[in-house]
Each structure stands twice: as structure tokens, then as C-alpha cells.
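Enquirer: Here is how the chains run, residue by residue.
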Amino acid sequence: MRGFDRSCWFRMHLAAALLAALGSAGTCWSQVTVGEEEEVENNAVLQPAQAVFMMTDDQFDQWVFGGPRNSRAGRNKLDSLLTLQVDDVARMCTLSEAQKKKLLLAGRGDIKRFFDQVEEKRKKFGKVKNDKTKFNEIYQELVPLQAALNSGLFGDGSIYSKTIRRVLSEEEDARYQRVIQDKNRFRYRAKIELVVAQLDQSVGLRDEQRRKLVELIMSETQLPTRFGQYDYYLVMYQAGQVAEAKLKPLFEDRQWALLNRQLNQMRGMEQFLRTQGLLPAVKGVQPPRRPAAGELPAEVFAAPADVEKKVPVSESGQKPKS
Amino acid sequence: MSRLGDLLVLTGVACAVSGSSFVLGQVQDVALPPPPAVAPPRPAEKKKEEPAKADAAKKQGRVEAKPAAKAKVAVKAMVVQPARVAAQPAAAALDAQVAQYVRQFRPMFRAEYYFIRNTCGLNTDQRKQLARLGETAVKAAARRFVEAQQKMMRGGWRPGTDYPDPRNLVEQELARVMSPLLSHDQESRYKAELEKRAASRKQVVIDNLVAKLDGDLVLSSEQRTRLVEALSANWKDAWGQSLEMLMNIDSFFPNIPDQVVAPILTDNQKEVWRRIAKNSNVFWGFSFGGGIVENDPLDDPELAEAQKEAEARDKK
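In order, the protein sequence lines correspond to chains A and B.
Taken in order, the first sequence gives residues 1 to 322; the numbers are from the numbering used here.
Taken in order, the second sequence gives residues 1001 to 1316; the numbers are from the numbering used here.
You can trust all of the hints, since none of them are fake.
As a list, the in silico BS3-like pairs of lysine-lysine whose alpha-carbon atoms are at most 25 Å apart:
id, chain 1, residue 1, chain 2, residue 2
1, B, K1196, A, K246
2, A, K183, A, K162
3, B, K1191, A, K212
4, A, K77, B, K1270
5, B, K1270, A, K100
Just so you know, these hints were derived from the structure itself, not from any lab.
With the rest of the complex left out, here is chain B (with noise of 0.2 Å):
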């Protein structure tokens, strides 16, 4: 009986010993790839999540914790312990990508700031207001996209999830923070301009699409007419999702359905629109603007300002 007390034993220590040296071999060969980035919440978020938890506790009279339990969250600490040091990394990458981000949303916000500096005629004060707030959106923006992103990576895309728009990012962001900055005046010319953009926008989308179905569907005059109706009336934001793919509409065309297009066409027609490739799953990127150079000379001092103040900021 002792003899099989004495076995049992040893097969213990051989397993564990076995088996730490297995699981060495293991990390070394899963240590090659970087560990996965994992959103973090952001900070704000986790300062609120801490007290409200606090409070609950004290609600429910846990507030002394007793040995036993003491234990317990001790066990559960060193449980928790790899993962806060896997997502220390991650957070720090996720933060990396952001600032990468920054540097590719400036030029959005820098569009922006021209367009609400001519919509609304701003003095020197509004203007170096708004170059600060655009830094902070600027960068609320480009986490919220590299979040987006993240998620998508993680298998959250499904289909008819449309990709986020920078530029709508960008413009939400601003829009958040911008209306103390401006008077009552100011602010309805803003909203108007931003809608007449947002249909112009629109309208752009469909004559480019219309205009690459004519060239290969060789559409009539009332054809060409009833498709921009059809395409106007039935319209998704994802079918002008940036104008880079409207640059390259002879490779990619938004999956646009056919009961919108196809009562417009002849059976000769039909065939060429059935044969004509269409993509639903494609992201385009997005454009910084013709002709952009960073800190350009020909831009207003206010926007260099704000950015130097911005980076000035991160350093600390």
C-alpha cells in the first residue's frame, strides 16, 4: 500500500516536472507572435466602472472583507495577474495606433477648420479655439476608429456593417465640443452648410456611379435620368463610403441591389449589370485632400500652434 503511496507520489513530481518543461517549450514557441491587442476601456471609462463598484459594495455591506474572503481575492489576484500584463502591452498598442492615426486625421480636421472658418467667418480667438478642440477631436476621432477597427479584426464585422468614416468621426467629434464656441448665428450657418455638404456629397456618389453604368450599360438620356432617382431614393451611405472608390469604379462597384437598377434597364442591359462585379466587403482607406503638406506654411499659424501644443502635451 506504502509502495503505491510511493509511486503515486513520484508520478506527481514526474508530471510536474514533465510538464513545466513542456509548457516552457510551448511559451517559447507561442512567444514569437505579439500578444493579441485587445481594446482596453478607456480611461474615463475605467475611473467611472471603479467607484461605482465601491459604492455597490458598500451598499451591500461588503465593505469589510472578512479573512477567508481576503483569500480568496488574493487567489483571484494572482489569477488575474498575466492577463492586466498581457493588456498593459495592448493598451499601449492600441495607443500607438491611435497616434499613428492622429498624424492621418490632422488633415481631415484641417479641411474642417476651413470649412467652419468660411461658413462662418471666424475671428482670431475662434480660430485658435477651434484649432485646440480640433486636437482633441482629432484624437477622440482616431481612437474611436481604431476601436471600430479592432472590433472588426476581432470578427465583429457582419454583413451590412458599414466600415466608420473618418471624416464622419472627425465630425461628430467636433460637433460634441464646438457649439459654445460659437454664436447662435454662426451655428445655424454651420448646420446648414454641413447638410448641403452631406447632399452635395451625395449627389457626387450618384452621377460618378451613373456615369460608370453608362459607360457600360451605353444608358439612354431617361435611362440615365430615372437611375439617379432610383439611386437617390433607395440611397446607402456605404455605396459612397470614400472617393478613392470612385477613382477606381472600373475595378470596385458598391453592391448596389438589383431591384434598384434593374426595372431601369433592357434584357441586354440586365445581363451586363448581372455580370458587373460588385463589392459589399471592401474598406477604401480614406483620403487626406489634394495637394496637403504637413505644417504648410500656407495654412493659419492657429493650426501649427494648436498642434505644437498638442505634442507638447503628450511628451509630458
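Next comes chain A alone, as it looks inside the complex (with noise of 0.2 Å):
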């Protein structure tokens, strides 16, 4: 009797613990299979929200201010460049506070009517935000928005440069003109040096061909109206306009081979560095219609792979949140 006790306390015992067990067991693949029936659920609530095509107001200020920035931290920027601008003038000749007053107000109307030109937009993007066709349409209405903004407002045509050369008297304009080109060119030579730098990455220069190179372009191409975004492609189309007769002897047969094929490339880019007002216009000829961003010359998008816009990545190996 007491072996048939203690078997059926054992049996009893083992019984409970199996079931035990199995309703554990059984629980713990629950959960497993749950969790995967709640993702499947959640995925099929957030399937109709994918579909829906949205730009937020944020995204039109990152696209026309470039980066983080939104449209009160564009006005700041564009206030202090002011502030410096009359600052620069100010430092070569001697400005009355009346005159600073012209210089400032002048730049002031600058910036007040590239923010109407901005609202002007934002207010179409409103209407289209949600309606992905008309929405790539309005995108490159903001090209030229963000070209001005990035190569500054106050350049030839700007109400600022027509008060100031009333402003300034004739000696006084020449000086600040000669002040100008100095900047160009500074900033030009920075660019051919880049650009240099690049092809060096490409076919191996020695120290002699990039000072050579970086002079004959300096020397033998104009100064770009301005700068911007498509810099390189201006360099490259410049460097293609000096006569070969000059280039050529620089390089090895080889490199020039691997060179000539690049340059190639962008001497067809003319028009539309022109239309982008990157080069002088063609006296007697009709500007042409400012191409969309789908209508470049295929080299824009295709020839130089290394300076397409990377997405950086953060040293700890994440992209940055901007």
C-alpha cells in the first residue's frame, strides 16, 4: 500500500508537472506566433498608410535652405551676409551712416523679394503637396530658388549692386570691383585646384602636371558670374575649351587618352552652364528655355561618379539624422 502511494503520488506528480510543461511550452510558442500575428496586423495597418504620397512644409524649407536649415534660419543667413557685405565696402571706403542706411535698405529689398518669390512656391507646394506628378513639377521650380540663394543675392542685377555703384564714386567702384575679381579668382583657383585634385585620383598626375594644369586653366579660361552647386562641371567645361595644342603636351600619352575622354564629356555642357547663368550669355543669341532637371545633357548625371552627393556616414558607422 504504501508502494501503490508512493507510485501514484510519482505518477500524480509527474502528470502535473508535464502538464505543466506543455502549458508552457505551449505559451511560450504562443508568444512567438502572436508576435508574429501582431507584425503581420501592424503591417497591414501601416500597407494603406505607405500608399498615401505626403511632403511636409519642413521638407519644402529643407530643399529651397538647404540641410537642417528652415526658412527663419535662411532670413538670419541672408541678414548677417548683408550686415558683412556693407561691412567689406565699408573696410576699402569710407561709407557715411547715411550711405550704409542705402547699402543696407538696397539689400534688404534683395532678400524681401527672394522671400515673395519663396512664398510664392511654398504656397503652390501647398496645393500639391499630397499629388506626386504635379509634386516633381513644383520641385524644380525650387532650382532656382536654391541656386540664388547658394551662389548670394547680391550680385549683378541685385537692387545692392545698382545702389551701390551710385553709392560709391567711380575710383571708389573700380577699387571695390578689383576687391570682387580678387574673391573670384581666389575662389576660382580653389575650385581648379579641386578639380585638379580629382583627375589626380584618376590618372596619377605628378606634382609638376597639377601646378601646370591648375595655371593653364586659370590663365587661359574666364571667370565664372558665379558659383555654385555645378562647379565642377564648370572647371571641367573650361578646362575642355583650352586649345588641345596647350593641354596635351602636359600629360603622358596614356593620361591624356584617360583625360581627353572626360573632357569629352562636358564640352557638350555649354548650354546648359549658360542657362544656369554660370557663364556670360551669348551676346545676339536668345537665351534658351531653362531646362528642367529631366532635360539635362546625360554627361550632368553620368560622367563624373565621384561627385555625385553621398549620403555620409557617421564614424560610428550611422547615418547622420540630417
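From these two lone chains plus the hints, build me the complex, please.
Expert: This is how it looks when you write it as C-alpha cells:
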């Protein structure tokens, strides 16, 4: 009896333990399954949301003003730039307070004109921000605003530049123009050096070749009318305009073959660069219609794979949030 | 008492069964993401390490393991086994990653090849050898790059750590193996050109940084000159980690300390300088040089031959 009791107890406990174990296993398994089911359900809920095309006002600001900037940051930047421009003029010529005010007022006029255009586009954007097809059109209309912001609002044709000619005497204006030329020359040289450094990464130039190439492009080509995101193409196009008789002797045969192929790709970009306002317009020629991004020469997108904007990666290997 | 013993045994059985099912559930759940990529030691290092361990064991007189010790080793082996199983796919993943980077590093070697060819005036035989050495150097550089990258992703990055420059890695790996290939005169010309290229690259970066600041701060001619001097005197390689950064300099500006720039600026300029976003933790990747085409018909045939040889070796 005692033996029976023991085996009975044992069996009962064994049965209870196995039931408990199976129950918990079922729970564990069901956790996994339920998790999967929830995921499927969540996906099912998310799917219709993904189909909705929706752009935010922040994105509009990012496209116009660049990176994380918004409209206010863009305005601050332009206000500061105007102050510094007037300071620059005052460094060379003695400006009265009234003259300074005139210049500031003119610059603010340019800024206002710019923001009026931005607001006009913003309204248009508000109407099409849920429409993917129309949205592409508005994006192309924003490109000139980005270009204007990048290359500065106070250059040729601005109210500021017209006012400065009235405020300064002829001699002062000539001096100021020289300062501007120096600035542009410095910037152009830096861009040429950068492009030559990039070429160096594909054809392996000697120091003498690098130096001579920079000097040749600098001396044989025109200063650009403005700078911006297409500087690489501009310099390459300009380099392609240098007479072959001057360029070719700088290189070994193999280098020249590789380099000339790149220059050939850029030689067809004149019209694009002129419509972007990076090259002076040719007199007597009707300015062509500004092409949309999809109409650019194929070379613009195909040739320099190395200057395509990359998404930078932080040193920890993560893409930056911006 | 005996009932208590039974109860304990059964509780143990229950825990074991339920525990295993719980683990099974966890495994099924955890098995979804890929195993963490752990960089294994290089094969060459492994080989060196094993005989070294054996030698040390011999010296300590532990060559004949006692049965108890053998049993311990067996238990250890069982414990270590899963780690080894995980390390194998990790090593394979690393190799696959290295192989991908080899393709991206090859154009860098190609530029280096032409640089050495033009600097040293290599003959056909030297060109062949250089092309072959290049294949080895590219692999070694790619492996070093991937290992450094993984180390950073595992939390090895600290503020101030520079991301490895792929071009430098290729250059270093080549410099290690290239010496016997060149004559004394060729080698000294090569070294001199390397120095000039580094100086030129630094100047390009400085000029472009100053040009960017000129656009934002409207500098005077004298300020530009002083700024060029200041940047040159306090130079850090990380300021010019890649040409892409300079192409996109309106969005990303290196983290140049205030004390280098601010003393040169007016008060209004200082205010704008402080607002310029500076980035220290951004890696710009690397460029492959404009217009580079794989298996370019314009390339030296030696390059294509060496690449074919290397690929055939890899397949074996």
C-alpha cells in the first residue's frame, strides 16, 4: 500500500509537471506566434498609410534653404551676409551712416524679393504636396531659388549692386570691383585645384603636371559669373575649352587619353551652364528656355561619378539624422 | 521525506522541459537577425599563434595531458563549439565584405599605378609586377578598412578618432611591398612625389575651406591670407578627409577649433562663424576618381592581366 501510494504520488506529480511544462511551452510558442501575428497585423495597418504621398512644410524649407535650415535660419543667414557685405565695402571706402543705411535698405529689398518668391512657391507647394506627379514640377521650380541662395542675392542685377554703383564714387567703385575680382579669382582657383585633385585620383598626376594644369586653366579661361553646386562641371567645361595644343603636352599619352575622354563628355555642357547663369550669356543669341532637371545633358549625371552627392556616414557607421 | 524527494525530482523535470521549450521559443525569435559580425584574427596571425601556444605548453611541461585534464578540455570544447560556429559565418561575412571593398579600392590602386608609372618611368616588366603587387595591396587595404570599420561599429570609435582613409591604406600597403621593385633612383623620385602630393592635397583643402569661409564671412584679402596661414599651421588631416566633403562644403564643414579662426575675424564675422554648423563625426566615403570604368580599354593591359590572375586565384 505504501508502495502504491508512492507510485501514485509519483504519477500524479509527473502528470502535473508534464502538463505544466506543456502549458508553458505552449505559452512560449504562442508568444512567438502571437508576435508574428501582431507584426503581420501591424504591417497590414501600415500598408495603406505608405501608399499616401505626403510632403511636409519642413521638407519644402529643407529643399529651398538646404540641409536642416528653415525659413527663419535662411533669413538670418541672408541678413548677416548683408551686414558683412556692407562692412566689406566700408573697409575700403569711408561710408557715411546714410550711405550704409542705403546699402542695407537695398540689400533688404533683395532679401524681400527672394522671400516673396519663396512664399509664392510655398503656396503652390501647399496645393500639390499630396500629388506626386505635380510635386515633381514644383520641385524643379525650386531649383533656381536654391541656386540664387547658394550664389548670393547681392550680385549682378540685384538692387544692392545697382545701389552700390550709385553710392560709391567712380574710383571707389573701381577699387571695389577689383576686390570682388580678387575674391572670385581666389574662389575659382580653389575650385580648379579641387577639380585637378579629382582628376589626379583617376590619372595619377605628378606635382609639376598638377601645377601646370591649374595655371593653364586659370590663365586660359574666364572667371565664372557665379559659383554654386555645378562648379565641378563648370571647371571641367572650361578646361575642355583650352586649346589641345596647350593641354596635351602636359600629359603622358595614356593620361591624355583618359583625361580627354572626360573633357569630351563635358564639352557638350555649354548650354546647360549658360542657362544656369554660370557662364556669361552670348550676345545676340536668344537665351534658351531653362531646362527642367530631366532635360539636362546625359553627361551631367553620368560622367563624374565621384562627385555625386553621397549620403555621409558618421564615424560610428550610422547615417547622420540630417 | 521520500515524497518531498519525488516532488523535487518532478519539479526538476518540469523546469527542464518548460525551460527547453522557452529557450526554443527564444531561439526562434532571436534567430531572425543575422549573427553579429565579429572580425576574426587574420589567418596568418592564427597560424603564428597556435605554434606559439604549443611551444609555451611544451616549455611548461604540459605536453602529456592527464585524463582529468583531457576531460576538462573536452568540456571546454563543448562550450566553445557554438562560438566557433558563430565565428565561421562572421569570418565568411567579413571576407565577403572585404571582397566588395576590393572592387571599390581597385580604382584607387589604378590611379596609384599611373602615378608610380609616370613618376618612376617603369618598364614593361616593372609595370607587370606593380600590377600584381597592387592586387595584393588592394586586398590588404580593403581588409584593414573593413576591420577598422567594424571596430568603430562595435563602439571602438571615440571623439577625435579619424576614419581610416582608403587611399592612405592603399598607399601604405603598396609602400610596404614595392621597394624591391624600384631602383634606388626610382624610389627616391617616388618618395619625393608622394610628399609633394600630400602637400598639394593639403593646400587644396585649405584653399577650399577659406573660399567657403570667404563666401560666408566676406573676408578681406588680408584675412584670407592669414586664414590660409593659420589653417596650415594648425593642420589636421581630418579636416580634409575626402574631396566629396569639399564638393558639399555648404552642408558639411569640418570641426575647426574657434581659436584657429576667431582671432582673425571681426565681431560681426565671429557671430556668423559661430553659427556655421561643424561636423566632426561624418565620414564622407571615398571617391573612385572621375570617369573610371571597369576594364577600361584605355587602361594599361598589365592592370587587366593582374586582375584576371588574382580573380582566378580567388576562385581556386
